[in-house]
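*Asks:* Residue numbers (the working numbering), protein chains in the order written: chain E, 1 to 277; chain C, 1001 to 1277.
Because the hints were derived from the structure by calculation, they are not lab data.
The structure displayed is predicted, hence computed values, not measured ones.
Careful: at least some of the hints might be erroneous.
In silico negatives: residues of chain C with every beta carbon more than 12 Å from chain E [stated by the list, open to error]:
| # | residue |
| --- | --- |
| 1 | E1020 |
| 2 | Q1054 |
| 3 | S1082 |
| 4 | P1096 |
| 5 | K1097 |
| 6 | A1178 |
| 7 | K1232 |
Once the Cα atoms are required to be at most 30 Å apart in a straight line, the calculated DSSO-like pairs of lysine-lysine come out as [as the list claims (entries may be wrong)]:
| # | chain 1 | residue 1 | chain 2 | residue 2 |
| --- | --- | --- | --- | --- |
| 8 | E | K273 | E | K58 |
| 9 | E | K63 | E | K18 |
| 10 | C | K1186 | E | K2 |
| 11 | E | K18 | E | K50 |
| 12 | C | K1273 | E | K75 |
| 13 | E | K58 | E | K270 |
| 14 | C | K1207 | E | K274 |
| 15 | E | K188 | C | K1188 |
| 16 | C | K1276 | E | K78 |
| 17 | C | K1102 | E | K102 |
| 18 | E | K188 | C | K1195 |
| 19 | C | K1276 | E | K103 |
| 20 | C | K1188 | E | K186 |
| 21 | C | K1060 | C | K1270 |
| 22 | C | K1273 | E | K245 |
| 23 | E | K273 | C | K1078 |
| 24 | E | K60 | E | K78 |
Note that CB positions come from ideal geometry on N, CA and C, so glycine has one too.
2 protein chains.
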Amino acid sequence: MKILDGKIVKAQILAKLKEEVQNLERMPGLVVIQVGNDSASEIYVGQKEKMANQLGYKFKHIKLSGDISQAELEKIIKEINSDQSIDGLLVQMPLPKHIDSKKIQNLIDCDKDVDGLSDVNAGKLTHNVDTLMPCTPKGIMDILDYYSISVEGKNVVIVGRSDLVGKPLASMMLNNNATVTICHSKTKNLELFTKMADILVVAVGKKGIITGNMISDGTIVIDVGINRVDGKLYGDVDFESVKDKVSFITPVPGGVGQMTVAELGQNVLKAYKKRKI
Amino acid sequence: MKILDGKIVKAQILAKLKEEVQNLERMPGLVVIQVGNDSASEIYVGQKEKMANQLGYKFKHIKLSGDISQAELEKIIKEINSDQSIDGLLVQMPLPKHIDSKKIQNLIDCDKDVDGLSDVNAGKLTHNVDTLMPCTPKGIMDILDYYSISVEGKNVVIVGRSDLVGKPLASMMLNNNATVTICHSKTKNLELFTKMADILVVAVGKKGIITGNMISDGTIVIDVGINRVDGKLYGDVDFESVKDKVSFITPVPGGVGQMTVAELGQNVLKAYKKRKI
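Start from the sequences and build out the full structure, keeping to the hints where you can.
*Replies:* Spelled out as structure tokens, the structure:
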């Protein structure tokens, strides 16, 4: 069993980015909009700010009251869309219930959509057109790439079909010539599929739902789950029971979760370059 | 073995549409742009015109010289985008090589994109937002629906990953709670997957690549292939060798191929209603 170490891949990506950014004509600009006072959001925005500072990006955190109206929020997004010094715009999710989140995500200029969650960027990814892609699945592809694990012709089984991870990852895997199966809460006989996987990706947010008896020897396991129980982090995969069967596995913490902010950094630079063309 | 008869489903859809169209304030309008003199395109455009006339749609066939420039073609599309009497615009594929087809498809107003091939409509489908969807996969869903075959929880295996059929069908199946596997030319041990399918959809365009030994008893088979050999039509599935094993099958001809033009008719009406809102 070999650990796929997200920290190492993250460090390499950030180091490369930092070097590249030093040679740019101007600082790439990232704006993060936060609505309300969600404590988890505070932490996530903080991590993004730290990354931006580390890379030498211009960073702006716009913190808005939780009772802002849809129209006011839209006005702010439109202003940032037309601000030439800003390359990436991200609206921290979740938004308050009175805000139409889908509309907000699709209002962001698709060339500044560094979360890759707009319809048009999802469609480009589906159509295998290079675009800004969601950070977490892109992080998975980069981990596999770092460890020289090719997905071509592999049987990739993805458990979870979120817009954030499962669906975009399925497109990325397909674009890289994997055979892809998407399983979810309505799947019958889940273990039938997980046992057939060459690469098993689990992204459902339920602690330890994949156990050793559900996988075959030599499986590569990517655990996207981050489940906090009594202050400790657990993945969706029961590490102890699978560890003697897997060939490679991403740990929790220290695996996929490490990648998200580094991928955001990559997307900001990609957006910068796209806008320069 | 029961035949899933595309002709019956098509007739029902067209009859419903015709009735609904009679009660509209104005005629829904469909424009088909054809570039060059491809003989297959002539036939396809003719089928669309026939459908439009049958339903009482306003139909316009714009036939352009094969040496039209990208800029001229774009200008015509923009004019139709802003023509308030037109609800659906379709550019017959394939386009001559000097034309950027992807750019053309994405230039069509997404609310008039009755082929459902634009990035934004593909992304909406991925995100399970109701939108204009590609006709052939939508036709498959409607055939299954007509015969009361639910896909929820079923193991759906799709062979072929085109933007036109395989990928949008995977999204439709997933949105309807099927477990979905996408196989293609790089898939190893294809029969391993086809044998596990509750519903097997084959859309690769190779005569008879699926044979009886590759499927399990009771499989529902949807054959999207239309392969013309010596003037006769064949599917991607070897009908003779599978017919005693399948529970249901779409024949070729008379199956999925029947649906495409009827689904275009549905999309034009859907676009009409969307634009009215």
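*Asks:* Each hint: holds or not?
*Replies:* A quick look at each hint next to the structure:
no. : hint              : in the structure
1   : E1020             : holds (28 Å)
2   : Q1054             : holds (32 Å)
3   : S1082             : holds (20 Å)
4   : P1096             : holds (21 Å)
5   : K1097             : holds (19 Å)
6   : A1178             : violated (8 Å)
7   : K1232             : holds (32 Å)
8   : E:K273 - E:K58    : holds (15 Å)
9   : E:K63 - E:K18     : holds (27 Å)
10  : C:K1186 - E:K2    : holds (27 Å)
11  : E:K18 - E:K50     : holds (13 Å)
12  : C:K1273 - E:K75   : holds (29 Å)
13  : E:K58 - E:K270    : holds (15 Å)
14  : C:K1207 - E:K274  : violated (43 Å)
15  : E:K188 - C:K1188  : holds (24 Å)
16  : C:K1276 - E:K78   : holds (26 Å)
17  : C:K1102 - E:K102  : holds (25 Å)
18  : E:K188 - C:K1195  : holds (16 Å)
19  : C:K1276 - E:K103  : holds (20 Å)
20  : C:K1188 - E:K186  : holds (26 Å)
21  : C:K1060 - C:K1270 : holds (18 Å)
22  : C:K1273 - E:K245  : violated (55 Å)
23  : E:K273 - C:K1078  : holds (29 Å)
24  : E:K60 - E:K78     : holds (16 Å)
Consistency with the previously given hints fails for numbers 6, 14 and 22, ordered from lowest to highest.
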